[in-house]
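Novice: Letter by letter, the chains look like this.
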Amino acid sequence: MIKAITNKLRGTTLLEIIIYFTMIAIVLFAAMSFTLQIFNVSTVSTNSHEVQSSLGFITEKIENAILTAESINESESVLDSDQGALSLNMSYGASPIRFSVTGGNVMIQEGTSPAIKLNSSFTTISVLRFSKISYPKSPDFVIIDVTANQSDSAHLSVTLRK
Amino acid sequence: MSLVEIILAIAIFSVVSIAVFNLSIDTIQRDSKIELSNQALRYAQEGLEAVRNMRDRDFLALTNGDHGLNLANGSWTFIAAPEDVDGFYSRTITVEDVYRDGNGDIASSGTFDPDTKFITSEIGWTLRGIIPRSVSLSTYISNWTGDDWITTTCTEFDQGIYENIESIGVPAPPTDNCAVSLVDISGSGTFFASSNVGSHGTDVVVDGNYAYLAVDSSANGFAIIDISNPALPSIVSQLYTWHKGRGLTKNGNFAYMGIERTNPAIAIIDVSNPNATSVTHAWQLDGYGNEPAASGNYLYATANSSKNGLSVYDISGVPFATDFLSVGADVQSIELNGGYAYLGTDDDSSGLKVVNISDPGNISTVGSLDVGEEVNAIEITGITAYVGTEESNNSLQVVNISNPANPTITTSLDISGEIQDMVIQGNYLYAAVDNQNAGLAIVDISSPFGPTLVNNIDIQGKGTGIDADANYVYISTDTSNQGLVIVGTVQEAVATSGSYISKIFDTGSPDTRYNFIEWDHTEVPGSTLKFQIRTSSTAEGIGSATWVGFDGTNSTYYENARTAITTDPLASGNRYFQFQAFIESDGVSTPQVNSVRINYTP
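Sequence order for the protein chains is V and B.
Sequential numbering from 1 applies to the first sequence in this note's numbering.
Sequential numbering from 1001 applies to the second sequence in this note's numbering.
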């Protein structure tokens, strides 16, 4: 009887322990990898959203200003340059409105008010380029190119409605 | 813990981990898709903005179809579609026509709007190189830029210079609406011939090579004259009809004549052989027979009788009466139209009567009209009845019979005498007039503003009856030895060429840009219409400026309405503008220029 009980209470062999620990190690390693990957994806996605949001906001702000502008103040603008600036004479409200890029940030200055940054702190604007097309007796046409974080860009064109 | 349990646990963990991992990968991919779509929308919007820019420069550059865009030398132009954008996207701009309904709202069909286009800007790309994706934006583009200088009223046209061109009023809108065309040089000519039938003529009907004459002769009240050679009319037969012939009509192989007696007062004459005519039937009326009318199987006989001024007979066989009607006055003339008989009577206060004859067995008066005097003749075209009266002045009354029960006078015309008979040929009404020195009157009835007297012609006697074919007018007269007179009809003609120079238009700006010239005109075969323009910096200098066409040179013309304007590059300036219209015709009919529009941006 004691022999039967002894047989029932037989312990874990060394080999089994080694196998168990190996499996656990593999699972833990995989779990860590997945976790790191998920954190990485979250970061990339957040950054992408941040950049796209900044680009969208910047382009929308510039577009709205151009649509309501009276004319382009060419003497205060820097055209056809990657570090460009656009100054717009407005028919109402604060005038002029000036968009420029400084230290990786797109700045807007309305009238004599202090300049305000349009992009988030996590976004660096490397290119803000304005090109103007003029034709006699026709409203000016502006092409805008914005590049953020050296990789993401936005391109749009707007005609002055005045 | 057994091995099986461990394996099971690992498997569950793996499934969950893979699901979470896929979710994170999908998040990355979605972000990428959104980024691509956002940029595609910006390119699509750029397409619409480019089209707006093209519109601002030249609306006519927006040609229908699918296009790509090209930016070169500071301007956008259309190229073949699709356009490659950034080496990843393709862009197609579609331009379509726009139509409007009766309320002026945009509709799928209706009136074409030449100043509005529907624009679609579509951006396409492929996801992972195989899955096609696209976004599109649409809008309406209208040609609102620029000002218009429009010449369309008589006042505006009269400020220019006419050469073999005349202005004519046309129906509004706008008020004083006008058109210009080559001058009308129509004329009635000088042709004149006559035939002696031994007495006065009282009425005439022409059919083919013969003129059938009612003669004021007790011996031979009816005569047939060969008019195959109008210069030499000759009598082929004369017929005894108991008394003088009064009124006459013809239908098929028979002539129907009113006779100046009561029995018989009406006769049916077989004229199948003009050389041998005979009376087939003749019978009594309640008074002297006047002008009859025949249609189908029925004869409508009129008489100098207040009792039965109008009688209807079935003439399909032996004539028999179907109905009689008293209108309370002598019936002197009759004209059938649309189920009604329009009677001219000697009732001074109600000279025109309208009778419903849709049922020949039950005719009845439905309307009447006071035209101021007795009515001797009626001619109908469309909804207009020309009523000839015994009024010395304004003997021609124009009556609207759109409602036969309620005819109304629209206008009247003085043609220098009482009207005895009338006939309409083409755009002219010819009237036999009781005027010794002007027995024939010619009236132009082509204008929507009312008839105008063209000419009074001396036919050496008073006119008593009249008929016409395409080339000649045949008038029975009260001249004994010229019972039938033949003159030429009006031969319509216009000048073969002419030009119109507009006034000098001041745009008010020294650097005006001219966008396009457009005109509205009525085309006629065998004619041409073309334009040239000139500009100058001063009004005084424009007279020496060069007329130029679509390429800015004197050797071309604007020949298609709505063409982009190219000014003379050597012109002194663009502030002042003139256009010149050149019209050519085949000498018969002329095109009409209804309006000219110059679109410019000062």
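Treat the hints as calculated values from the structure; they're not laboratory data.
Among the hints, a few may not be true.
[Stated by the list, open to error] Using 27 Å as the maximum straight-line C-alpha spacing, the simulated BS3-like pairs for lysine-lysine come out as follows:
#1 V:Lys61 x B:Lys1503
#2 V:Lys137 x V:Lys117
#3 V:Lys137 x B:Lys1503
#4 V:Lys117 x V:Lys61
Novice: Hint by hint, note whether the structure agrees.
Specialist: Taking the hints in turn, this is what the structure says about them:
1. Distance check on the hinted pair: V:Lys61 and B:Lys1503 sit about 50 Å apart at the alpha-carbon level, beyond 27 Å; violated.
2. Pair hint V:Lys137 plus V:Lys117 does not hold up; C-alpha atoms about 35 Å apart against a cutoff of 27 Å.
3. Between V:Lys137 and B:Lys1503 the alpha-carbon distance is near 25 Å, which keeps this suggested pair within the 27 Å criterion.
4. Straight-line distance between C-alpha atoms of V:Lys117 and V:Lys61 comes to about 12 Å, which keeps the hinted pair within the 27 Å bound.
The structure shown violates the earlier hints numbered 1, 2.
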